[in-house]
Amino acid sequence: DSGVTQTPKHLITATGQRVTLRCSPRSGDLSVYWYQQSLDQGLQFLIQYYNGEERAKGNILERFSAQQFPDLHSELNLSSLELGDSALYFCASSDGPVGQGAGEQFFGPGTRLTVL
Amino acid sequence: AQTVTQSQPEMSVQEAETVTLSCTYDTSENNYYLFWYKQPPSRQMILVIRQEAYKQQNATENRFSVNFQKAAKSFSLKISDSQLGDTAMYFCAFILYNQGGKLIFGQGTELSVKP
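If you read the sequences in order, they're chains A and B. Numbered per the numbering used here, the first sequence finishes at 116, counting up by one with no gaps. Numbered per the numbering used here, the second sequence finishes at 115, counting up by one with no gaps.
Honestly, the hints are just simulated from the structure, not real lab data. Please note that the accuracy of each hint is not assured.
[As the list claims (entries may be wrong)] Quick look at which bits of chain A chain B covers, simulated, 3 or more residues with Cβ under 8 Å:
hint: 1; region: 29 to 38
hint: 2; region: 105 to 111
[Claimed, not checked] The calculated DSS-like cross-link candidates involving lysine-lysine, where the alpha carbons are at most 30 Å apart (straight line), are:
hint: 3; chain 1: B; residue 1: 78; chain 2: B; residue 2: 55
hint: 4; chain 1: B; residue 1: 55; chain 2: B; residue 2: 73
hint: 5; chain 1: B; residue 1: 55; chain 2: A; residue 2: 57
hint: 6; chain 1: A; residue 1: 57; chain 2: B; residue 2: 70
hint: 7; chain 1: A; residue 1: 9; chain 2: A; residue 2: 57
hint: 8; chain 1: A; residue 1: 57; chain 2: B; residue 2: 73
hint: 9; chain 1: B; residue 1: 78; chain 2: B; residue 2: 114
hint: 10; chain 1: B; residue 1: 55; chain 2: B; residue 2: 70
[Claimed, not checked] What follows is a list of derived Cβ distance ranges for each label pair:
hint: 11; chain 1: A; residue 1: 62; chain 2: B; residue 2: 29; range: 25 to 35 Å
hint: 12; chain 1: B; residue 1: 67; chain 2: A; residue 2: 16; range: 46 to 56 Å
hint: 13; chain 1: A; residue 1: 61; chain 2: B; residue 2: 29; range: 24 to 34 Å
hint: 14; chain 1: B; residue 1: 52; chain 2: A; residue 2: 52; range: 21 to 31 Å
hint: 15; chain 1: B; residue 1: 12; chain 2: A; residue 2: 52; range: 41 to 51 Å
Note that this is a predicted model, so its numbers are computed, not measured. Where is the CB? At the ideal position from N, CA and C, for every residue including glycine.
With the sequences and hints as input, model every part of the structure.
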């Protein structure tokens, strides 16, 4: 158990819908990261938040957004869902941005999103 | 652009034997961290080993060790005394020191340990 929790574990929805994925980082970790794992794209970095502020951005679609709240939990919002958004979404956390800590990211168990 | 390449999509090894997984990466930066992550059938991502690019000494963690060749941009993982529980997808990844936490992953190598 990495100490990172993600809810829900599974999500099945229809095209055009909107969903919210939730992540709680390890106790004391200030950075939260979101990754998408799909069969065709592999593991891709989406976005990072550090202590409530956006820190780094990857190949995140405009239909996707994220935020980190004062209690440090994070939410990833996916809207206007398409079949191709079906994937495993991971949240990870670390104790600081790279360069100020170990650089090690601890991954949650993931949320499996299926868009029908 | 930074990339990570794992040229072996699948590998197999007999229990108790040694196997080496290959990884090459491309970056023009000098400061970065390298990692190997394991993803068993449960899909959990588990850190196996990490290497700081400024350290010349190769990292080791019990049965896992790396061969880090900075000039060649190569970062291979050696698993000694392979166990059935080592069966998993293995991902090579790196982070640039000054670009937040953007982990860049390779496509993965699926390792099967056979009894």
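We went through each hint and held it up to the structure:
no., hint, result
1, 29 to 38, "holds (count 3)"
2, 105 to 111, "holds (count 5)"
3, 78/B x 55/B, "holds, 18 Å"
4, 55/B x 73/B, "holds, 14 Å"
5, 55/B x 57/A, "holds, 28 Å"
6, 57/A x 70/B, "holds, 27 Å"
7, 9/A x 57/A, "holds, 24 Å"
8, 57/A x 73/B, "holds, 25 Å"
9, 78/B x 114/B, "holds, 17 Å"
10, 55/B x 70/B, "holds, 10 Å"
11, 62/A x 29/B: 25 to 35 Å, "holds, 28 Å"
12, 67/B x 16/A: 46 to 56 Å, "holds, 49 Å"
13, 61/A x 29/B: 24 to 34 Å, "holds, 27 Å"
14, 52/B x 52/A: 21 to 31 Å, "holds, 28 Å"
15, 12/B x 52/A: 41 to 51 Å, "holds, 46 Å"
The structure agrees with every numbered hint stated previously.
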